[in-house]
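Number of protein chains: 2
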Amino acid sequence: MIYLNKEDILKSITLDECMATVEEAYKIYADKLFNMPDRIQVENGDLTSLYMPCFTEKSFGTKILTVAPNNAKINKPIIDGVMLVNNIETGEIVCMMDGKTLTSVRTGAVGGVGVRHTTSEDVKTIGLIGTGEQGFYQVLYACKARNIKTVYLYNRTKEKAIKLQEELKKELEDVDIIVVNSSIELLKNSEVIITATTSHQPVIDNKKELLKGKHIIAIGSYKPDMRELPDALFDVVDKIVVDTDFAKEESGDLYQPIKNNLIKSEDIENMGNFLRDNKGFDMNNKTTLYKSVGMGLFDIVVANKIYEKAIKNEIGKNIDL
Amino acid sequence: MIYLNKEDILKSITLDECMATVEEAYKIYADKLFNMPDRIQVENGDLTSLYMPCFTEKSFGTKILTVAPNNAKINKPIIDGVMLVNNIETGEIVCMMDGKTLTSVRTGAVGGVGVRHTTSEDVKTIGLIGTGEQGFYQVLYACKARNIKTVYLYNRTKEKAIKLQEELKKELEDVDIIVVNSSIELLKNSEVIITATTSHQPVIDNKKELLKGKHIIAIGSYKPDMRELPDALFDVVDKIVVDTDFAKEESGDLYQPIKNNLIKSEDIENMGNFLRDNKGFDMNNKTTLYKSVGMGLFDIVVANKIYEKAIKNEIGKNIDL
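These protein sequences, in sequence, are chains P and H. Numbering of the first sequence is given in numbering that gives the first Met the number 0, commencing with residue 0 and proceeding in unit increments. Numbering of the second sequence is given in numbering that gives the first Met the number 0, commencing with residue 0 and proceeding in unit increments.
One thing to keep in mind: the hints can contain errors.
[Said to hold, decoys possible] Examples of chain H residues lying across from chain P (beta carbon under 7 Å, computed):
id, residue
1, L46
2, N74
3, I92
[Claimed, not checked] The list that follows gives simulated cross-link-like pairs (lysine-lysine, BS3-like), each with its CA atoms no further than 25 Å apart:
id, chain 1, residue 1, chain 2, residue 2
4, H, K206, H, K123
5, H, K99, P, K316
6, H, K316, P, K75
7, P, K143, P, K169
8, P, K72, H, K57
9, P, K316, H, K57
[Unchecked claim] Label pairs and their calculated CB-CB ranges:
id, chain 1, residue 1, chain 2, residue 2, range
10, P, P223, H, T13, 48 to 54 Å
11, P, T197, H, A29, 40 to 46 Å
12, P, D37, H, K222, 22 to 28 Å
13, H, N312, P, D37, 39 to 45 Å
Derived from the structure by calculation, the hints contain no laboratory data. Only a predicted model underlies this, so the values are computations on that prediction, with no experimental measurement involved. For glycine and all other residues, C-beta sits at the position ideal for the given N, C-alpha and C.
Please take these sequences and the hints and turn them into a complete structure.
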């Protein structure tokens, strides 16, 4: 078995490879060539333990995460976990990797694939609302997916936006990284808007005149009572693409508008089918929404690629079982 | 996080400590101070992936095993897996250890605790039917629980019994280890009989005259269609103790006799209650049955003790997350 920590994971796979791997996962999703039980959740007091097994034809593994909300009080990460990768023939565990970094990287790549396929090709500006760890990877992948010149950052706590600005400046030397004071200012300036918050109220202003023609990449809401997007978006949106069909039930950003008859479930397409069947839907001057909630299939397909590349490039540490 | 392989695990805990820890687990079971969901099982073709989370007041963890029956054809272990131990407050993974060795050790100790509490104090002879990896640990722990002078081994494939004989001779220098040619010969010579097979048919002869006064420790059957014990045993047995209440449904060695009205469910006591309430049930000259199917509670309590002792004695390797 090999073990890959954060640095090992980041060294093993490039942003482009990771996005190509997410596109492979979308192909597997569209072709239904996977076996993914519902996410298993065990609660004990404030702790939640999550088990996300998934099998494809080539790979098999499980992401195991623990969520401990009280850790915020003692300045520890709320989430800890590992990804186990098994040999699909023998079941042997061949690789264990840091589950936090895998989640960040694959979620960034899932966002990046959305940017690549649901925005106009010539977009130059991105606005990011929510400037946590996930925001960092969203911007990194978005800037790889399109030729972005300027990134606008907004967070209710401005210091957090400034902190991310500094981190992004190190990674994206040719991109202007600008902290703005309001979501309105961000909306006015950005062609692509990425939301990566854990909000229960819309973080984008409910003004359709500001939303028309924009490309929205919504990453944050993964529960029915979580919401990042305003109702006005659904007045003007031309195309909605989701990462998984169950996003319609899991995310308040779709569940609530469907329940309130602002959109119809059947008008929402999943990215797997969209990539397979896409006969050239033109995103220019269109208002688009790409909504992701994530799934274990992304984890195992990306983790397996990271594992293969780590072996090839002799990255990671051996553990004798 | 520290990682413990087979050698590390065996170095970290003595046989006596491990049995004392299983007795602690039984106390937790009797007091109902644990949170253990049903074992989670995911199947994909010939592979089965098992997730066994368990929480106690002090510890939390998950054993993850893969079962690949086809591995036997290529001389690889059928089972692979790991145990993750988490901090009960923060959820952080503090230790990962070889799941195969943990399973062997804790199952051996569960058997040993049965020998210690359901056999006459002065027994000198053991017979083991089924001489795989698990048989090795059963004998080791049984010889620690009682002052055993002779161990009889029986296996349908005699070479396997001879192989185990050689291994046991290295560990138990003061004990005679004898391979016998039939289960009848084994029954005649042994006061304690341990069964550790995966059989679907009884492996003990259906003769009550040979079973009267014997102490049976049955470890193998963990599914309703698996059976090691003959019907005749239930004609003569005075006391039945199980490791878990659900053993009555899970093991064919109890499920079938209950269904066929050979025994009553309410006459079967669990070891947790037995140890807590035992006002001195005399095992001398009694026919007893101790039946174990195992549970995640044993894994986490034993794994947590192994982890604590490994930290104290600086055993294992550090893994940077």
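Quiz item: Hey, H:K206 versus H:K123, does the alpha-carbon distance stay inside 25 Å?
Solution: Holds: H:K206 and H:K123 sit about 22 Å apart, inside 25 Å.
Quiz item: Are P:T197 and H:A29 spaced within 40 to 46 Å by their CB atoms?
Solution: holds, 41 Å
Quiz item: Straight-line Cα separation of P:K72 and H:K57 no greater than 25 Å?
Solution: The given pair, whose Cα atoms are some 21 Å apart, holds under the 25 Å limit.
Quiz item: Does the structure keep H:K99 and P:K316 at a Cα separation of 25 Å or less?
Solution: It holds: about 21 Å lies between the C-alpha atoms, which stays within 25 Å.
Exercise. Report holds or violated for the interface hint on H:N74, using the least CB-CB distance to chain P and a cut-off of 7 Å.
Key: violated, 11 Å
Quiz prompt | Proposed interface contact between H:I92 and chain P, which counts if any beta carbon pair is under 7 Å | solution = holds, 6 Å
Practice problem: Starting from the hint 22 to 28 Å, judge whether the C-beta atoms of P:D37 and H:K222 obey it. | Solution: holds, 24 Å
Quiz item: That 48 to 54 Å hint for P:P223 and H:T13 (C-beta), does it hold up?
Solution: 52 Å Cβ-Cβ, so the 48 to 54 Å window holds.
Practice problem: Could you grab the alpha-carbon distance between P:K143 and P:K169 and see if it respects the 25 Å cut-off? | Solution: With Cα atoms ~15 Å apart, P:K143 and P:K169 stay inside 25 Å; holds.
Exercise. With chain P as the partner, please determine if H:L46 meets the hint condition of a C-beta pair closer than 7 Å.
Key: The hint holds - H:L46 has a Cβ within 7 Å of chain P, the shortest such distance being about 5 Å.
Practice problem: Could you tell me whether the CB distance from H:N312 to P:D37 stays inside 39 to 45 Å? | Solution: holds, 42 Å
Quiz item: Given the hint that H:K316 pairs with P:K75, does the C-alpha gap stay at or below 25 Å?
Solution: holds, 23 Å
When each numbered hint is compared with the structure, violations occur for hints 2, 9.
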